[in-house]
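If you're matching them up, the sequences are chains A, B and C in order.
Numbered according to the numbering used here, the first sequence spans residues 966 to 1075.
Numbered according to the numbering used here, the second sequence spans residues 128 to 615.
Numbered according to the numbering used here, the third sequence spans residues 56 to 670.
It is worth saying that the hints were derived from the structure and are not from the lab.
Some clues are possibly wrong.
As the list claims (entries may be wrong) - Computed list of lysine to aspartate or glutamate pairs in EDC-like fashion (alpha-carbon distance at most 20 Å, straight line):
1) B:Lys283 - A:Glu1066
2) B:Lys283 - A:Asp1068
3) A:Lys1060 - A:Glu1011
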Amino acid sequence: MLPLPPGVPTAVPVTYYLILSAILFVIGGAGFLYRKNIITVFMSIELMLNAVNLSFVAFAYKFNKADGHIYSFFVMVVAAAEAAVGLAIILTVFKNRQTLEIDDIDSMKL
Amino acid sequence: MPTNFMPSTEEYFRILPELILTLAGVLIMFLEALRKEGQKSNAGGVTLATLVAALIAAVMAGGSPGPAFHDMVFVDGFGTFFRILVLVVGLLTVLSSQSYLERHDAQIGEYYGLLLFSLVGQSLLCVSNELMMVFIGIEISSIASYIMAGFLRDDKRNNESALKYFLLGSFATAFLLYGVAWIYGITGTTNIDGIRQALLNNLPAVPLPAVGAAAALMLVGFAFKVSAVPFQAWAPDVYQGAPAPVSAFMSAGPKAAAFAVFTRVFLTAFGPIANRWEPILWIVALATMIVGNFAALTQTNIKRMLAYSSIAHAGYVLVAIVAHSEAGTAAVMFYLASYAFMNVGAFAAIVDYSRRNEKFVNISDLAGLGQKQPFTASMMTIYMLSLIGVPLTAGFFGKFYIFKAALESDLIWLTVLGLLNSAVAAYYYLRILVVMWMHEPGEAAESAPEASFGVKAVLFGSALATLVLGILPSLVLDFANRSANIIK
Amino acid sequence: MHLWLIPILPLIGFLINGIFGKKLSKPVVNIVAIGSVLLSFAWVLKTFSGLYPLEEAHVEKYFTWISSGTFNIGFDLMIDKLNSILLLIITGVGLLIHIYATGYMAHEEGYYRFFAYLNLFMFFMLILVLGANFLLLFVGWEGVGLCSYLLIGFYFTEKFAGDAGKKAFIVNRVGDFGFALAMFLIFIQFGSLDFATAFHAAEQMPKETSCGILTGICLLLILGATGKSAQIPLYVWLPDAMAGPTPVSALIHAATMVTAGVYMVTRSHAMFNNAPIALEVLAVIGLLTAFFAATIGLAQTDIKKVFAYSTVSQLGYMFLGLGVGSYSGGVFHLMTHAFFKALLFLGAGSVIHGCHHEQEMSQMGGLMKKMPVTAITLFCAGFAIAGLPFTSGAASKDLILEAAYVHHPWMYWLGLLTAFMTAFYVFRALFWTFFGEYRGHAHPHESPISMTAPLMVLAVLSLGGGFINIPHWLESMTHEHHPHVDTLIAMLPFAAGFGGIALAYVMYVLAPGIPEQLASTFSGLYRLIYNKYFVDEAYDAAIVHPLEEGSRELLWKGVDAGIIDGVVNGAGKTSAGIGGVLRRLQSGSIRNYAAWVVAGSILVIVAIGVMGGSH
């Protein structure tokens, strides 16, 4: 690796990752609120989880420790399991109602 | 790498309940796949045996308390108490499910497998000493219960219930996880005791607003799981839509486990910043009691009413957490134990009564139950009286300890408002009693089938436990007091 | 002395009749129900004579009920001068009423169930009185409320009975809330719920510090007492409770349960003595209740309703007595009232039974000849409640009025006016029922011996019960001195009693046209009191209705459309929803729920992260 000229940071500061992570998290949350297709809503949750992963990795990098990295793997595995179950549930909903509009699923209220 | 990387036998022993549950769950799934068409499933029996074995393992593990797997798990009295509680709830759920599943021609084996997996998560939650374990425990418990909520795949309400539970549950868990990430970033650890130490040792240097925000994010996740206002909206819909035995399970088991970990995390890890979260939890507790009780007043569907009632009861438990004392912790333990029995019993009463596709789940359908099925009606009466908080039932002492603890912590207004709330609550429970005993039997009661043996066993067992806890509270309370020392 | 036998015997009766009653024949049910109470009564007598004169309280500790750290409560029963009176009343009068009920309920459905509940009530009532700590008192307190609810709603086929039971239960919850809170405060303050420990600590407290906390505790206890003993503002349930069978009205809603508040206050006199403000409040509540209930009683036409309001009124007297410092007067009146009011109700029951379930007095009249025993015994009770000389009512009522005179003369005068009204409306009812011509269409007949025998016993007690010197008996406990007042002041209550009876005689026997003329002349006032000052309607409009509607409107729809619609639909789309209708908290929409999660999390983050810890 070529030495960088003095004064130029050697790496992207950790803070940037954290800010990016926060932005992704908020986008995910907003997606949940504003999107109307159940699959997109579900993807928004995945986005939030990935935002969290980014934070974990960034912090782990800062501490120079391995645990944060491992946590992100945990989260990925759990997210995969969640996706399997979630998509199955969404499928049965579609089979019964022929719709994926989230606002149509409101038969129980008050 | 530490020299003792390989866990000792003792450490495996401390998670023996989870191991037993996992193995049995996997086994059931395999057996179910191998089962021939038309062959009777014996998954129910296997599950019962498993749960009994897990209970024994939990008791034995509780006998040798200590850490396991590098402090990720810590078996103590507090955890053991809740472990036993969720396993007992699982036992009651198994007993009350059999007839329901048969009536709906459902795939029986998978259901029990899922139940066991869900219990693995809850049992793990009770003893986890580490925020990543908390996350994994919550997810294991939740993912299995998402499926259980929608277990009857062709039923529209089941679907809706599962979808709502799944989407909102994952959403709230994301908040919790984000909080975990932040607390990891601030303190460098996810160990509950470690966080406490880190906060105590560097209190001046710690960015308190950031810690507060992380605590708040985790609070969102926990408050969602225990259905505290304003994160309660999912509970009525999910409990109403899910199969009755599953609603019974969800309102008792996962809730108890979530409260256990909620209490542990906030009193232990975030104890040093209690002055930040106590005021908001004060408000949340009050709002939860009010919304739960007042919304329950006008319900017509029994399951939905019980859902709102369970929200209200979560409010009482939150009062005990706000009290932030050993007495408060013991009150949390005692209350959740008594609440589990009366609530599972109340749901179990309608498991068989509601008939296929839960045709009769309105309060008015209970008319004349006292004449037609005096046994079920009497048991239901005991639960309702206990939910009201009449003396000599578990509910009375549960509330008694909570408000006593609250007053000892100078939460005078919260106690006053809480007691007023419980006065209002009497109204809607009483309506069930009036309908059952003082109305003429309607269509539902006239055609009601005899409850199955399993359901009857659950009804009787829960009523007995409700009375025993109410008449001889010391049996449980002594243990709760001895193991309520999670505030270090 | 095995005090535990006293409550356990009725409990056994309850269990036998409750579990096997359906298969048992009526005589067996009778033997179990009456026998258990008889044995209990016998055991009270034996204990009482064994421990006489009970200078020291006799406490029996059975086992530690709850022990956790500093919080220890034993399952302890006690007997002393105060509760020995109540034990005798409860088991003695209770026995008579049980015997009476075998006749009264003979043709009712669910016969065994009725006696099972009645025995259960006896159990809780005896626990209430025997308990040596506030927690046991509270257990009994809630238990009798529950049984009262079951028994009021006994005729469950009538919707009104069910509603009345529910009303009783709910109203009592408000009172119980006060009691529960008081109990917590006592524990926090004195570290114990034991009567002996708590009262000792209360007496030892320095006056300067004790006044505030004790006043708080006592006011909360008063709230509890107003619920159970049907005082303003929580009296509304008692008149409706008359929907239950008449023996229940006599036992629970006249002789025993409703006096639990009087017992509780007297039991706690060590605290009340150091809380003068609370005592003053108690006296005013009692006096006002006595007065208002009496005015309502003037215009009622249902014979049981008249006696119900008279119960509320007489309970008011007892509280007046306690409030002006005459605990012995209050307890004395509790006892005499148990005799004559139980008799009034049982007699009314006998009339109702004889007239085939007719309760309207306009459908009675001239029953003196048809049912002489009932009539004569009822008149004995009437003389007692009117306070004629040498009857039991005179002895106790005069004691209270004299103490009131010493305390504040205006209380005496208002009490005197109430006594006049009491005599008037009770005898109005009696003359209306027993004199003149029969106006109904049934064939009235005298009741069987099982019903008339208890009436005769109670008649004797009503007339002669005043010679039991309760004030002297309680002297060593309450340490009160009995004031001496002018002979005139002491004699005026007699005059009020005679005057009321005379007026009733004139208006309902000599010139029966007067009441109608009066009612039409003062039609507004008449309607007002006939409708009980519209208090029920006011409560309904002010509390019950808003509670139900409020939960519907405010909690579910009252969420500002701006916030939630805005979050969910985005700016500009707000009005595109369901045209101005407010979104609901529980709309069923997932995105709406998620919006709550987001809004809540922002709130929590701001509260804990930014604002938290600032104070």
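Which earlier hints turn out false for this structure, listed by number in ascending order? 3
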